[in-house]
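Student: Here are the chains, one letter per residue:
2 protein chains.
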Amino acid sequence: MTGPLDYVETQRVVLFSEGDPLRLRGGGRLDHVEVAYETYGELSPERDNVVFVCHALTGHAHAAGLHLGAKKRGWWDNIIGPGKPLDTDRFFVVAPNILGGCSGTTGPLSLNPATGEPYYLDFPMLHMSDLVAVHRKLMRHLGVERVYAGVGGSLGGMQILQWAIDAPDEIEKAVLVAASSRLSTENIAFSSVARTAIMSDPEFHGGRYVEHDTVPRLGQKVARMMAHITYVSDQSLDTKFGHRRDTVGDEMRMEPDFAVEHYLQHQGDVFLDRFDALSYLYLTRLLDYFDPFADPWTAERLAAARTQFQVTSFDSDWRFDTRQSLRMVEQLEACGAKVDFAEIASPFGHDSFLLQPPGYHERVAAFLKD
Amino acid sequence: MTGPLDYVETQRVVLFSEGDPLRLRGGGRLDHVEVAYETYGELSPERDNVVFVCHALTGHAHAAGLHLGAKKRGWWDNIIGPGKPLDTDRFFVVAPNILGGCSGTTGPLSLNPATGEPYYLDFPMLHMSDLVAVHRKLMRHLGVERVYAGVGGSLGGMQILQWAIDAPDEIEKAVLVAASSRLSTENIAFSSVARTAIMSDPEFHGGRYVEHDTVPRLGQKVARMMAHITYVSDQSLDTKFGHRRDTVGDEMRMEPDFAVEHYLQHQGDVFLDRFDALSYLYLTRLLDYFDPFADPWTAERLAAARTQFQVTSFDSDWRFDTRQSLRMVEQLEACGAKVDFAEIASPFGHDSFLLQPPGYHERVAAFLKD
Numbered sequence: 001m002t003g004p005l006d007y008v009e010t011q012r013v014v015l016f017s018e019g020d021p022l023r024l025r026g027g028g029r030l031d032h033v034e035v036a037y038e039t040y041g042e043l044s045p046e047r048d049n050v051v052f053v054c055h056a057l058t059g060h061a062h063a064a065g066l067h068l069g070a071k072k073r074g075w076w077d078n079i080i081g082p083g084k085p086l087d088t089d090r091f092f093v094v095a096p097n098i099l100g101g102c103s104g105t106t107g108p109l110s111l112n113p114a115t116g117e118p119y120y121l122d123f124p125m126l127h128m129s130d131l132v133a134v135h136r137k138l139m140r141h142l143g144v145e146r147v148y149a150g151v152g153g154s155l156g157g158m159q160i161l162q163w164a165i166d167a168p169d170e171i172e173k174a175v176l177v178a179a180s181s182r183l184s185t186e187n188i189a190f191s192s193v194a195r196t197a198i199m200s201d202p203e204f205h206g207g208r209y210v211e212h213d214t215v216p217r218l219g220q221k222v223a224r225m226m227a228h229i230t231y232v233s234d235q236s237l238d239t240k241f242g243h244r245r246d247t248v249g250d251e252m253r254m255e256p257d258f259a260v261e262h263y264l265q266h267q268g269d270v271f272l273d274r275f276d277a278l279s280y281l282y283l284t285r286l287l288d289y290f291d292p293f294a295d296p297w298t299a300e301r302l303a304a305a306r307t308q309f310q311v312t313s314f315d316s317d318w319r320f321d322t323r324q325s326l327r328m329v330e331q332l333e334a335c336g337a338k339v340d341f342a343e344i345a346s347p348f349g350h351d352s353f354l355l356q357p358p359g360y361h362e363r364v365a366a367f368l369k370d
Numbered sequence: 001m002t003g004p005l006d007y008v009e010t011q012r013v014v015l016f017s018e019g020d021p022l023r024l025r026g027g028g029r030l031d032h033v034e035v036a037y038e039t040y041g042e043l044s045p046e047r048d049n050v051v052f053v054c055h056a057l058t059g060h061a062h063a064a065g066l067h068l069g070a071k072k073r074g075w076w077d078n079i080i081g082p083g084k085p086l087d088t089d090r091f092f093v094v095a096p097n098i099l100g101g102c103s104g105t106t107g108p109l110s111l112n113p114a115t116g117e118p119y120y121l122d123f124p125m126l127h128m129s130d131l132v133a134v135h136r137k138l139m140r141h142l143g144v145e146r147v148y149a150g151v152g153g154s155l156g157g158m159q160i161l162q163w164a165i166d167a168p169d170e171i172e173k174a175v176l177v178a179a180s181s182r183l184s185t186e187n188i189a190f191s192s193v194a195r196t197a198i199m200s201d202p203e204f205h206g207g208r209y210v211e212h213d214t215v216p217r218l219g220q221k222v223a224r225m226m227a228h229i230t231y232v233s234d235q236s237l238d239t240k241f242g243h244r245r246d247t248v249g250d251e252m253r254m255e256p257d258f259a260v261e262h263y264l265q266h267q268g269d270v271f272l273d274r275f276d277a278l279s280y281l282y283l284t285r286l287l288d289y290f291d292p293f294a295d296p297w298t299a300e301r302l303a304a305a306r307t308q309f310q311v312t313s314f315d316s317d318w319r320f321d322t323r324q325s326l327r328m329v330e331q332l333e334a335c336g337a338k339v340d341f342a343e344i345a346s347p348f349g350h351d352s353f354l355l356q357p358p359g360y361h362e363r364v365a366a367f368l369k370d
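Protein chains in written order, with full-length UniProt numbering: chain A, 1 to 370; chain B, 1 to 370.
If you're looking for bench data, these hints aren't it; they were derived computationally from the structure. As the structure is a computational prediction, the values presented were derived from the model and not from experiment. C-beta: ideal position from N, C-alpha, C; glycine also. Don't take every hint at face value.
Claimed, not checked - Under 8 Å between C-beta atoms, here's a sample of chain A residues computed to sit facing chain B:
1) G26
2) M125
3) E186
4) A189
5) S192
6) D201
7) P202
8) V222
9) I229
10) L237
11) V248
12) D250
13) H266
14) V270
15) L281
16) D288
Please take these sequences and the hints and turn them into a complete structure.
Tutor: Structure below.
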């Protein structure tokens, strides 16, 4: 066993350029696509030990380990590392920031080569397949033709599912956690409220807020506070905060008083520093339209695939609930795919995929060991 | 049987004035309290047939019948009227707008007699008992000492519960529908996001938006859109809207496209015309702090009461779910109260209390007939 993942660095690479643009599923193209990514472990001489990790809505490439001088470890450090389920003694783990994001990979605030200005709302609408096309190009850049396992939670899992559909020979094992093959109407509704909050904010300036040296602070904060509630469970909020408040007895105040209010304010505030409102718009919109089994090619492609799927849901996850996972399982099995499904008991809601409820990591480890 | 309730009128009465102010539970007082209310049916000579209806968060006094020239019937017209469960051939139904509201009863936009200006955020924080004190004064104004039945859904039910605690001899039967004796932490969280949206809106102007001839449009709209999602169920959104959208195939757009988005936009927009942001702040905050069984007097008072309770929840209501009703039932029974509880099957979420899922109206009618 090697030591822990201290220290790691984010790397950057230009994967598409004017002579070799990224042609988008929706018809447009991007003439310059740069990708931020990290890797952990060593690529085997046979180049057959790649585990590709896709992050969720507001994630980034720093999935594991420590950046030099930093104190906070990567967002999925509990599952990636020596001896962990995504075992860096065995696997070469690749974790990029996704297309449309705001942490090093090309997104709406990147410069449009045609104008020399940020894209803003001229950035093209993205399809899940566009994110996958960038992942696949990154693999070829690393000299890899086939991925041993693709692993992702939430939007991350949906990227892996789309990859298995778009290139059925490239992923041997697909680990889809707290994911969905089509959002619920309620999911779309919540994201629509979030976008309304952002786009109606007077500081949004039609998406050109950077030019005005501002951000749509109110809208972005409210969007995140609301979304955060949907990522946790009723029970976990009760357990963590209950009705604890600053005032006592019959005292009341309009300003935040309950512990859960202070917590949400904090979550909303830190989100302003770490994420961009336009990326939030583009990536939530991408999710709304994600519906791969509506595509007539999907069944045919999956029938040709040898990919083994592992689908995991969490019983307290009401944002991407077990019914959504079960529908995905049925759709995959109807295409002849092999699927290992389980619902894990966990009190933490959708965020369970980032945590370690009993049985979850063990399950992923077993699937990757086979 | 008399004819249908065509036509009804809203009445107004000043219930508290400088010489006889409303002394608030929190210690302050209101020197002028006016109440808007409607009545349906006739008060019996014995004055023993009163059914008192309390509305929910954004309701008003126009609970049933038609206003002259109007097309839309009162918000609970399906349950109030001749031959209906709240049978106006038998009962004298009283329906006021609540204290802190914005439809005729004194609230934050009412004039403060001390300054001659609207209260705005100088309006006192309200306790559920303050709303009840106004209801009780209205009853005395109508010459009634005892209410045969108090009926309310959601916040309406909580007013009835508080009334049964504050004046245990005044309510013979209490009908509590989709209510709670204490909000969940998640409920407080959602309301906190709504308040943040309103109070951070640049058009809020510290609550004095009327002076600026504006309203916190963005915040109030977003608050309502979000809250609306919590009033319905995942299933009802799927059934009603599914993934219907304006675009087709691979087309996408950032602006509202899905049917559920247009619906939420509409709900948000009409809310701006029919409700006031400050009332929304005060009444949601009142709910956050509602916790009558934390009061040491509650058990003693309920033990002295003869009130019969009927508690009803709906299986798809996740805003005030069955667990909350069951806890209330346990608390009431622990105080020696008689409680008839049932969970009704209904796909419509919290809004079920306004609709007619099978068994619901029948149940209320049977309880009031006994």
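Student: Can you name, in rising order, the numbers of the hints this structure does not satisfy?
Tutor: Of the numbered hints given earlier, those the structure breaks are 11, 13, 14, listed in rising order.
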